Amino acid sequence: MLRGTQDSLDNNLIKQLPYATAFINSDLEVVHASDRWISEFDLEEKEVIGKTLRQIFPDIRNSWKKDLKKVLKGGGKTTDIECFLDQNGQEHWFNWTNSPWHDQKGAIIGVIIQTEDITNEIFDSAKLEKLEILLNDKSEISRIGSWQFDAVKKELIWCDITKEIHEVPLDYKPNIETAISFYKEGYSRNTIAMAVDQAMVEGKPWNEKLQLVTAKGNEIWVIAAGKPIFKDDKFLGLIGTFQDITNDIISQRKNEEQERLFQSIFNSSYQFTGILDLDGTFLQINETALDFADLKEKDVVGKKFWDAYWWPIPDMIRDGLKTVVKAAAGGEIMRSEIVVLDKNQEIVPVDFSLKPIFDKKKKVTSLLAEGRMIKEMVVAREKLKVSEKKFRALFELSPIAINLSDYDTGEILEINSAFTEALGFGNEEITNLKYNSLVPNTKNLKLNQIKEILEKEGTFGPLEHELIRKDGSTFKASLSGSLVETKKGKRLLWTAAQDLTEVKRKEKQINEEKQLLRTLIDNLPLNVYIKDLESRKVLVNKAEMDYCGIKQHDDIIGKSDSDFYDDTSVKISREEDLQVMNTLTPILGKETINIKKDGKLTTFLTSKIPLIGEDGEAKGLIGISMDISDLKRKEKELQDLISVTSVQNKQLINFAHIVSHNLRSHSANFSMLLEFLVNETDETEKENLVKMLTEASDNLLETLDNLNEVVAISTNVNLEKKPVNLLKKISAVEQNLSAFLKKNNAQILNEIPSDTKVNVVPAYLDSILMNFMTNAVKYKDPQRDPVVKLSLDLCDGYKVLSITDNGLGIDLDKYGAKLYGMYKTFHDNPDARGIGLYITKNQVEAMNGKITVSSEPGKGSTFNIHFNEKN
Amino acid sequence: MNLERDRHLIFISMKKIRAISIIDDDPITVFGIKKMLSSIEASEHITTYPNGKEAIDGIRLSLENGSGVPEVIFLDINMPIMDGWQFLEEFIALPLKERIRINIVTSSIDPADKQNWECYKEKTHHLLDYKNKPIRRSDILEITRVA
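As they're listed, the protein sequences go chains A and B. Sequential numbering of the first sequence, starting at 1, is according to my numbering. Sequential numbering of the second sequence, starting at 1, is according to my numbering.
I should point out that these hints are in silico values taken from the structure, not numbers from a laboratory. Any given hint might turn out to be false.
Claimed, not checked - Below are the DSBU-like pairs computed for lysine-lysine, each with C-alpha atoms no more than 30 Å apart in a straight line: (1) A:Lys490 with A:Lys514; (2) A:Lys691 with B:Lys114; (3) A:Lys691 with B:Lys123; (4) A:Lys476 with A:Lys508; (5) A:Lys476 with A:Lys636; (6) A:Lys814 with B:Lys35; (7) A:Lys778 with B:Lys97; (8) A:Lys818 with A:Lys859; (9) B:Lys53 with A:Lys818; (10) B:Lys97 with A:Lys650; (11) A:Lys691 with B:Lys35; (12) A:Lys571 with A:Lys559; (13) A:Lys65 with A:Lys46; (14) A:Lys650 with B:Lys114; (15) A:Lys490 with A:Lys470; (16) A:Lys818 with B:Lys121; (17) A:Lys814 with B:Lys131; (18) A:Lys859 with A:Lys870; (19) A:Lys789 with A:Lys850; (20) B:Lys114 with A:Lys814; (21) A:Lys390 with A:Lys434; (22) B:Lys35 with A:Lys650; (23) A:Lys686 with B:Lys123; (24) A:Lys650 with B:Lys53; (25) A:Lys390 with A:Lys360; (26) A:Lys504 with A:Lys446; (27) A:Lys204 with A:Lys70; (28) A:Lys859 with A:Lys743; (29) A:Lys650 with B:Lys34; (30) A:Lys322 with B:Lys35; (31) A:Lys66 with B:Lys35; (32) B:Lys121 with A:Lys650; (33) B:Lys97 with A:Lys859; (34) A:Lys216 with A:Lys234; (35) A:Lys686 with B:Lys97; (36) A:Lys559 with A:Lys636; (37) A:Lys814 with B:Lys123; (38) A:Lys51 with B:Lys53; (39) B:Lys34 with A:Lys686; (40) A:Lys814 with B:Lys97.
Remember, it's a predicted structure, so these values are computed and weren't measured experimentally.
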């Protein structure tokens, strides 16, 4: 294309370009121009083609011209924004682009200028800022303050809100240094200093969240924004805003804090906590829940609620859990007690709830699952139930009238059946009852006094006080009460009332019965006692007290048998006690002999019955003893009598045999001699036989005499006894025997005290002394003169006369059994008749005495005659 | 009156009885037995003892000097010093081969005595007989035979 020529075709084409475009040749003359360019620069009425730019725009800046020349010299494209004042003085802002115009060979032949009118945009932007500032000025609520800095005047202007934010008075005059110094030292101040610098040098705006320290020293958070204003590359100043966001920051901080807090609570809570989405998928689960079942977060998060580990029988409850999730997702709060498995597969009860979480629009966004272990709670609740039941039972069954009242209002809330019984009010009537209508003020006691005690001590009583029945009558009762406070702070008063009239009546009755029983057992002719496990008597009756020799009943307490009885009796009794208590079988009617410490012997008929406790074990025994000593004594007397009788009977039989023997022997002799006589022819022999018959007859007479004597003794068993001076009797016998004694050179040693008296049948004593003293001399040892010693002794209540000789002695082994037999003689003595000792013995026994003997052949004998002094 | 029969019996029985002992404290009984024995001429040697003691001493003595023991003994029970039973106790203890006839002659009807007799009968090889007094002539022949 030719330089400086106008190609009509090109010209036409360029004319229609939608952009303001002009082609300028190297002489800076306009070659082509688009209509848009012409119109935008108001050149319609001017000829522009062929004219230089200086001609068209007389006040063009040199810098522009330089820019264009630079492009022509191959310096590349340049752009700029320019402001023009039109003929009317209106500002026009243009965005310029100067591009090189190349010919076909690529040589630069000119510049293509493209301009864009950005005046409106510039103005719009300025308007916006102005609007914003206006808005900010007015919006105190948002607390956005504005400022502007005029770089030319070096003037910083703060609006009122900005001043308020800085907490300075409204007439405060800031400058750029002081303004920066309000920023908190450190990050905030550095940041703002750099931002301002960059804005002035590089034209960059800023928008930072920074801290200010106000004039009053308060630290606040602001969003500080600002931008530089240039005009024609000239820095005109800065405009900016402040927004106080302290509260936001604080609330944000708070939110962060809360979030952190929530997380820590979430994780460290003793509750199992999880968050589910609406489909029941775990979004989050806390550590407690994981630790409980020894799970990892990945085992749970992302899984379905019903597929989680801790359901005991997942197959059975899966549908139920799905329903629960669905319901919660629908906005319902689901809660129930369930059981879950812990890490050891053991079942643990849990109070479980699933709650919907709503957003601001009341829409359910997620679900909060919570579980609380209630193992202890369940146990405690069970216990509570039991104790509640017990309490109920106690309350209902108690024989004491109990009511529960509201302490402050006096309303009766509850009564038990004993209350109804005692006061006549039924359950349906208590609603109208007041405490003070039951418990009247009396002279002795006012309700206020009770209240005073209650508030101080929490309890009162037992106090003797009156109560009013339904029918208006009053009665004495023992009152006690206890004040309790419910969780809700309500004060309740438990009052127990025991009807004293009844109690006193029963007490009296019991006492009477006790007295009766006591009188009864005390007057029983039996010894009654109760012993504990250690055989200590804990209760005794009068008879036993007397027996033990104690005056007060309580003296028996803590005493054992060994305090009263001898060791053997204690031992036997203890063995019996143990037998009874160990076998739980009573001993009934056993005859026992008990010896007291003083040696007194008592025979008892004893029964011991075990006392069996509720546990089935013995806790002691009841003993009942009957003193049968008298009975025993009588029994013994009877036995003695029987033995005496049987001895006598034996003696009688023996006597009968003796009689029969003796009579028979004589009659046999008669019979024999008579038979001889009948057949005898020789007269001499006949005479001899008759002589013998006469002898036999004499013998028979003598025998009969002897028998008579014995019979006399035996039949006069109960001859009257008299006290007789023994020494005198002995002397008399000695006197009678003096010739006999002298003949035998006998010596009598009499050691009997002169005042000794014996209770005897006097005639028998004569006979006895005569016989023994005669025998002692008669059976003397031929080698020595007889010495007879008489002495007296006491033995077992008998007076014992001992007669000792130095005679032949008797072989008691051989003859002991026959010693006192009738017609028994033991020595070859022609005077022995075998009747003396027999009679003597009968006489001694007739006086309830006895004879014992000791003897040694060749040395002598001692006969001991026991005189029974009693009867 | 019974003399003819008695003689005849004596004739039959009269093996010579070497010696007879009568032990009794009653002289009339001794007299009677002796008289009855002499009437049947039972033995040349009849010894009497007043009690058991003298009897056992006598028999021991004759044993020692070889004059032999009596073949028939009449024994009373109730005697002084040593009674019949005591004698019997010592007698059966003697080392005798011969069987001696011992006639217990007593007036006792005490059953105890009869029991004693039964008891001693079992204890000895000698012949023990028990007769109540009085001994009749008619009995004497029968009980005066060598056992």
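Each hint tested on the structure:
The hinted pair formed by Lys490 (chain A) and Lys514 (chain A) fails the criterion: a straight-line CA distance of about 47 Å is larger than 30 Å. Distance hint between Lys691 (chain A) and Lys114 (chain B) is unfulfilled; the C-alpha atoms sit about 33 Å from each other, more than 30 Å. A distance of roughly 42 Å separates the Cα atoms of Lys691 (chain A) and Lys123 (chain B); the hinted pair therefore is violated under the 30 Å criterion. About 16 Å separates the Cα atoms of Lys476 (chain A) and Lys508 (chain A), which keeps this hinted pair within 30 Å; it holds.
Distance restraint check for Lys476 (chain A) and Lys636 (chain A): the Cα-Cα separation of roughly 65 Å exceeds the 30 Å cut-off, and the hinted pair is therefore not satisfied. Proximity of Lys814 (chain A) to Lys35 (chain B) is assessed by CA-CA distance (about 34 Å); at most 30 Å being required, the pair is judged violated. Restraint check for Lys778 (chain A) and Lys97 (chain B): not satisfied, since their Cα atoms lie roughly 43 Å apart, outside the 30 Å limit. About 20 Å separates the Cα atoms of Lys818 (chain A) and Lys859 (chain A), which keeps this hinted pair within 30 Å; it holds.
For the given pair, Lys53 (chain B) sits about 16 Å from Lys818 (chain A) by alpha-carbon distance, which is consistent with the 30 Å threshold. Of the supplied pair hints, the one linking Lys97 (chain B) and Lys650 (chain A) is violated, its CA atoms being roughly 41 Å apart against a limit of 30 Å. The straight-line distance between the Cα atoms of Lys691 (chain A) and Lys35 (chain B) is roughly 16 Å, inside the 30 Å bound, and the hint therefore holds. Restraint check: the Cα-Cα separation between Lys571 (chain A) and Lys559 (chain A) comes to about 15 Å, which is no more than 30 Å; the hinted pair holds.
A distance of roughly 21 Å separates the Cα atoms of Lys65 (chain A) and Lys46 (chain A); the hinted pair therefore holds under the 30 Å criterion. Our distance criterion of 30 Å between C-alpha atoms is met by Lys650 (chain A) and Lys114 (chain B), whose separation comes to about 18 Å. With a C-alpha separation of about 27 Å, the suggested pairing of Lys490 (chain A) with Lys470 (chain A) holds against the 30 Å cut-off. For a cut-off of 30 Å, the pair hint linking Lys818 (chain A) to Lys121 (chain B) stands: about 23 Å separates their Cα positions.
Taking the CA atoms of Lys814 (chain A) and Lys131 (chain B), the gap is near 26 Å; set against the 30 Å cutoff, the hint holds. Restraint check for Lys859 (chain A) and Lys870 (chain A): the C-alpha separation of about 35 Å exceeds 30 Å, so the hint is violated. Restraint check for Lys789 (chain A) and Lys850 (chain A): satisfied, since their Cα atoms lie roughly 19 Å apart, inside the 30 Å limit. Restraint check for Lys114 (chain B) and Lys814 (chain A): satisfied, since their Cα atoms lie roughly 21 Å apart, inside the 30 Å limit.
Between Lys390 (chain A) and Lys434 (chain A) the alpha-carbon distance is near 27 Å, which keeps this suggested pair within the 30 Å criterion. Pair hint Lys35 (chain B) plus Lys650 (chain A) does not hold up; C-alpha atoms about 38 Å apart against a cutoff of 30 Å. With a CA separation close to 43 Å, the supplied pair Lys686 (chain A) and Lys123 (chain B) exceeds the 30 Å bound. About 28 Å separates the Cα atoms of Lys650 (chain A) and Lys53 (chain B), which keeps this hinted pair within 30 Å; it holds.
Only pairs whose Cα atoms come within 30 Å are accepted, and Lys390 (chain A) paired with Lys360 (chain A) is rejected, the gap being roughly 51 Å. A distance of roughly 24 Å separates the Cα atoms of Lys504 (chain A) and Lys446 (chain A); the hinted pair therefore holds under the 30 Å criterion. For the hint pairing Lys204 (chain A) with Lys70 (chain A), the CA-to-CA distance comes to about 28 Å; that is within 30 Å, so the pair holds. Restraint check: the Cα-Cα separation between Lys859 (chain A) and Lys743 (chain A) comes to about 21 Å, which is no more than 30 Å; the hinted pair holds.
The suggested pairing of Lys650 (chain A) with Lys34 (chain B) is violated, with an alpha-carbon distance near 36 Å, which exceeds 30 Å. For the suggested pair Lys322 (chain A) and Lys35 (chain B), the alpha carbons sit about 148 Å apart, so the restraint of at most 30 Å is broken. Of the supplied pair hints, the one linking Lys66 (chain A) and Lys35 (chain B) is violated, its CA atoms being roughly 219 Å apart against a limit of 30 Å. Distance hint between Lys121 (chain B) and Lys650 (chain A) is fulfilled; the C-alpha atoms sit about 27 Å from each other, no more than 30 Å.
Taking the CA atoms of Lys97 (chain B) and Lys859 (chain A), the gap is near 40 Å; set against the 30 Å cutoff, the hint is violated. A C-alpha spacing of about 37 Å is found between Lys216 (chain A) and Lys234 (chain A), which places the hinted pair above 30 Å, so the restraint is violated. A threshold of 30 Å between alpha carbons decides the hint, and for Lys686 (chain A) with Lys97 (chain B) the separation of about 43 Å lies outside it, so the pair is violated. Straight-line distance between C-alpha atoms of Lys559 (chain A) and Lys636 (chain A) comes to about 34 Å, which puts the hinted pair past the 30 Å bound.
Note on Lys814 (chain A) and Lys123 (chain B): the hinted pairing holds, with a Cα-Cα distance of about 21 Å set against a maximum of 30 Å. With a C-alpha separation of about 213 Å, the suggested pairing of Lys51 (chain A) with Lys53 (chain B) is violated against the 30 Å cut-off. Between Lys34 (chain B) and Lys686 (chain A) the CA atoms are separated by roughly 16 Å; this keeps the pair inside 30 Å, and the hint holds. Among the hinted pairs, Lys814 (chain A) with Lys97 (chain B) is consistent with the structure: their alpha-carbon atoms are about 28 Å apart, no more than 30 Å.
Figure legend: structure checked against the earlier numbered hints; hints not met, in rising order: 1, 2, 3, 5, 6, 7, 10, 18, 22, 23, 25, 29, 30, 31, 33, 34, 35, 36 and 38.
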